[in-house]
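Sequence order for the protein chains is G, Z, B and X.
Following the working numbering, the numbering of the first sequence begins with 10 at its first residue and continues without gaps.
Following the working numbering, the numbering of the second sequence begins with 10 at its first residue and continues without gaps.
Following the working numbering, the numbering of the third sequence begins with 10 at its first residue and continues without gaps.
Following the working numbering, the numbering of the fourth sequence begins with 10 at its first residue and continues without gaps.
It is possible that part of the hints are untrue.
For identical chains, the list gives no copy identity; a pair is met inside one copy or between any two copies.
[Unchecked claim] Once the Cα atoms are required to be at most 25 Å apart in a straight line, the calculated DSS-like pairs of lysine-lysine come out as:
1. K151 x K333
2. K333 x K156
3. K366 x K41
4. K151 x K366
5. K156 x K366
The hints are simulated quantities; they were obtained by calculation from the structure and are not laboratory data.
There are 4 protein chains.
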Amino acid sequence: MGSTFGKLFKISTWGESHGGGVGVVVDGCPPKIALSEGDIQFDLDRRRPGQSEITTPRNEADQAEILSGTFEGQTLGSPIAVLVRNKDARPEAYTEMSEKFRPSHADYTYQAKYGIRNWQGGGRSSARETIGRVAAAAIAKKVLVEKFAPELEILAYVKSIRDIYAEVDPNTVAFETIEGNMVRTGDPNAVEPMVDLVKEMRGEGNSVGGVIECVVRNIPVGLGMPVFDRLEADLAKAMMSLPATKGFEIGSGFGGTQMTGREHNDPFRMEEGRVRTTSNRSGGVQGGISNGENLVFRIAFKPTATIMTSQETVNLEGENTELKGRGRHDPCVLPRAVPMVEAMTSLVLVDHAMRQKAQCD
Amino acid sequence: MGSTFGKLFKISTWGESHGGGVGVVVDGCPPKIALSEGDIQFDLDRRRPGQSEITTPRNEADQAEILSGTFEGQTLGSPIAVLVRNKDARPEAYTEMSEKFRPSHADYTYQAKYGIRNWQGGGRSSARETIGRVAAAAIAKKVLVEKFAPELEILAYVKSIRDIYAEVDPNTVAFETIEGNMVRTGDPNAVEPMVDLVKEMRGEGNSVGGVIECVVRNIPVGLGMPVFDRLEADLAKAMMSLPATKGFEIGSGFGGTQMTGREHNDPFRMEEGRVRTTSNRSGGVQGGISNGENLVFRIAFKPTATIMTSQETVNLEGENTELKGRGRHDPCVLPRAVPMVEAMTSLVLVDHAMRQKAQCD
Amino acid sequence: MGSTFGKLFKISTWGESHGGGVGVVVDGCPPKIALSEGDIQFDLDRRRPGQSEITTPRNEADQAEILSGTFEGQTLGSPIAVLVRNKDARPEAYTEMSEKFRPSHADYTYQAKYGIRNWQGGGRSSARETIGRVAAAAIAKKVLVEKFAPELEILAYVKSIRDIYAEVDPNTVAFETIEGNMVRTGDPNAVEPMVDLVKEMRGEGNSVGGVIECVVRNIPVGLGMPVFDRLEADLAKAMMSLPATKGFEIGSGFGGTQMTGREHNDPFRMEEGRVRTTSNRSGGVQGGISNGENLVFRIAFKPTATIMTSQETVNLEGENTELKGRGRHDPCVLPRAVPMVEAMTSLVLVDHAMRQKAQCD
Amino acid sequence: MGSTFGKLFKISTWGESHGGGVGVVVDGCPPKIALSEGDIQFDLDRRRPGQSEITTPRNEADQAEILSGTFEGQTLGSPIAVLVRNKDARPEAYTEMSEKFRPSHADYTYQAKYGIRNWQGGGRSSARETIGRVAAAAIAKKVLVEKFAPELEILAYVKSIRDIYAEVDPNTVAFETIEGNMVRTGDPNAVEPMVDLVKEMRGEGNSVGGVIECVVRNIPVGLGMPVFDRLEADLAKAMMSLPATKGFEIGSGFGGTQMTGREHNDPFRMEEGRVRTTSNRSGGVQGGISNGENLVFRIAFKPTATIMTSQETVNLEGENTELKGRGRHDPCVLPRAVPMVEAMTSLVLVDHAMRQKAQCD
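Bound conformation, chain G alone (with noise of 0.2 Å):
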């Protein structure tokens, strides 16, 4: 059960690495909306392996397949099934790993908690898995600019590589400047030193982490459901459902911690008519339901288990062994998991949005 997200756009994703595929299910989908194969491929073509000089060299078309749920160019409202076949597989690869555990990935705890695992490329623990997620999601964003708002946009961008900052004003930052270069920053100036650090890193065998910021823009007031379903609780919850992830903040943060009340309060306004708040530390949530500012939060990935160095682990047998990293890999994850932070943003949002319309419409 733990392969569902959503309580009202429900998806359920499936699939391993190497096997028959990956896809999704979801089951909640308003009808009537304008859907194509198109729009969800350009988002799978934004996570794809292959895409970049920093990036994997697995190459995967992940051309998905819509098996069900529109007619004529429309959802009917009933369950949409997306299939992405895995195509470029090698197993051979991790034989290796059938008997070692891979450090600081989940292949010994896998086998502990389920005595058994698809040792080949990851299993369902590999990043191959968000595919679902990222189709699902595409989906999920059509149906927030069509019913819920229509000026909506969610914009992820790498905000830091190890310690390498980029320059980004969230309230302004476009996704023409995101999407023009190959880290996905929001900062034309830190460009080019991530993409020599990255590439620094893989020459060494060795991997990176940093953090990406994600801001909404023109979100709905009112959403998010005290006191569980608080909005930045189920934020929290769709990005540390990400790999990789170690932490979250919204709005002022760790740092908030620094301020006091005085300095940390945001005060009201009114603005053109409308309650607005003349400074963001609250991050566009304020008792766990959107304020209408816009969201701001950052999540912290580490860098890639994966390195090409010999490591100290231990095997199926309970022995100490050492083994050394193989198989393609991202040096680090942080550019194409750019779009599964917008992702996982977008089904937080479409699922509060209808959740809000049930209750108190």
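Once you have looked at the hints, place chains Z, B and X on chain G.
Positioned in the frame of chain G, the structure of chains Z, B and X alone reads:
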């Protein structure tokens, strides 16, 4: 539906700060667990207002009554309802808030979402709501220890208040140390400066925030359900559903983005017949599943929004105005948030322990 | 988790026959619905024991207290907790049941499932548990009428007691007719023979069952969610979750199996600009979705299990023994089950109305 | 969200009669259960069209492909996706239905609810949708037998077609007897009259319904979760979610209303060290929980709505018109509904077995 938490050990909390009381219904508790009101009262007393000179003077005994679900001192397997009456309510202190939105509180968003709010003392957004969580978690802890993990220890403590940091070793810190000081920090040397800072803030009508760290020791291997219900994802949601939280991180967290993969990976080694890691940058979870190492995570709490200063705000009529904080409040929520963090941790763990048993035992 | 019902209008009932009381938490109720304790009390009074000479003499006022979720006479959108204390408890009447299982009661299965049970008066399996349902449904009805279907009418009535059948036209029967007799049947001519039969049964220490029919008039088109959450499927579950139920049928029901398709199909005709059917063998649902015709369904209730005769049974030690019924009971549950059937109907409809709004509006 | 069933063994079915195919995702299956496509194919073949001279001539091999969730012949504990392509689709046979609503079909209600429908062959309301259920249930059965009840038997059979009744003893009827005749009845003497009736109906372009009875033998004591998730309530929902069902009853059912309590109660007796009842009017459940006796329940299926006669109906423009049935169809759905009833039974039981283990083991 936003006040329900958990899939198998399902809790529904209810209640406003001013009104008939607050409470919880626990649906799904295993039968034959010894349970009395005393078991619940212990943690409620740690959470209640008026317990020390640095907490709010609101005087609530917070006496719990178990209304159902037990018989002759044991749980029946049927729903357990717990009721705590509100006693020291002072709605008259909040009359001004009926018209004006307190900055960085939930007043405006509740009004915007629901078109109505109980403006007396924060209503549903009051920290008083957490009584139901703490009561339910006291039951959860008993279930965890009796059925799943006899040696389990869940310990939270104040890690920092603004810029004062406690030195605490999560692997060894003792409950008595934490509970032995009114701040609930794990570092005796940090107590005095922290108390001084809180008192100074209160003296200025100001407030302050900080970070709570939580460690779980002797946790079973195998808890957590990829891909969405990863253990850290559900912990993140649980923590970010607590009032005043702005961030969550586990293991290396945001700091881990400064490391390379070579530095960050946790090598596996056999130790006394068990698979262990020689470092714990993972924070006890890999691939969303507990690996048996200590869970270690941190939560950022913003400075209390209620301050005794005049602040800019707007009123129900959409006019700019000013408001000065009134009412009884904590200048720093962290000491009382410690049992709340432990409570949410217990609730996440018991649900995952039951899910693990259902699917994988 | 088995005491939670509904996805959006989610209720959690709690309480045993003997203990602190019974009640419910409603999570997800729309805000700004006028609600007072009187709204709830009306249906509780129709359900309570001791209301007529053919019901149990247990004397319970069943006074409801709303503990949360309302403010100045309106719902807040936050959880609504309702509490009814147990008053006229007589545990001493049940001492023998602590050792012996009453035939066709839940004593044995509760003991076998949970390893423990509250043997006082049926514990959780007592019909007293339905108080929480009836209270929640009183709120649901207000929501339905104010937000979704202003002309909605939900009317249940006794259709038969053993072999005495009422002649009732579901399209025209009036609430006043039903409520005007102690049996709650819709046929004035059936009242006397039904009352006589029940009294005769009670005189013999025996009991009797029957069928309740329920009609829903002026229901919106479009409620129900294929494929699993068809409206009739959720109604069936709701009804079969009531104590003493053994069967459910909608429209033509079991009798419809005697017809051919040519006889059974409901022709469509336009009538006053609306699509109507000229017969209603479908019972108001087609493909799991309401078609705007009256919902008509029936529920079979078995004869009350408590009888004043010595019966063969076994005891806790696994020995054959005998037991003679004691305690206060209804010789026929149907009159008091009428408001329970209406209650479960309201709960199903409000949840589907909210789901329909979320997805399809 | 209406296409998701189960809480722990959670299935999401998808697909329309005409389109990319139909299928299911099973989320929550225990790991290390031996599973191959052959296990699924067996029941799909019992369900598929064209299997005998009294079923629809639509020719579908219904070949299942397992896309994920298994490795080297065993389940992984991750989601299992099953895909069956549509092959013998004939959308051109349905052109008239794009404009006119077939009486007693789902055409009108789907159109009214969603504002759009796939009119080719029934779309989502087609019985073809049950392929996903049957495939998931084949997995559920393996889990039940391997983990919970090694001797479990789930047998459904045709009890009546219109007024032809089979004599069947649910305690002894054998799978081979049922599967040995094309009607799937348990009474060899009833086969010929039933086949004759179905053929006669088809000859007249008419159709016929009936009753399926299902027995579950060797079921563990303790399954079912009061108060809402009683075993019979979840069975009722499961059965009433199947196409063409109009009624459900368990044990004595509607007939039991003709008995008094003295006749109806099931006496307890010890037998070979087990608590047994000497009659089984309860149908294997008491208080919503299985008591170890055979589950026995019945489901009413209406006559097939598709008939080859001109019928009154209306069109999309809201005008009265006529429509004559076309397309391939079953004159009687019961023989093919037998495996569907067994499938839904398996899905209910596996979910409750896992829930029971989580809470009470």
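Hints and how they fare:
no.	hint	in the structure
1	K151 x K333	neither (44 Å within a copy, 39 Å between copies)
2	K333 x K156	neither (51 Å within a copy, 39 Å between copies)
3	K366 x K41	both (17 Å within a copy, 15 Å between copies)
4	K151 x K366	both (17 Å within a copy, 18 Å between copies)
5	K156 x K366	both (11 Å within a copy, 12 Å between copies)
Hints 1, 2, counting from the list given before, are not met by this structure.
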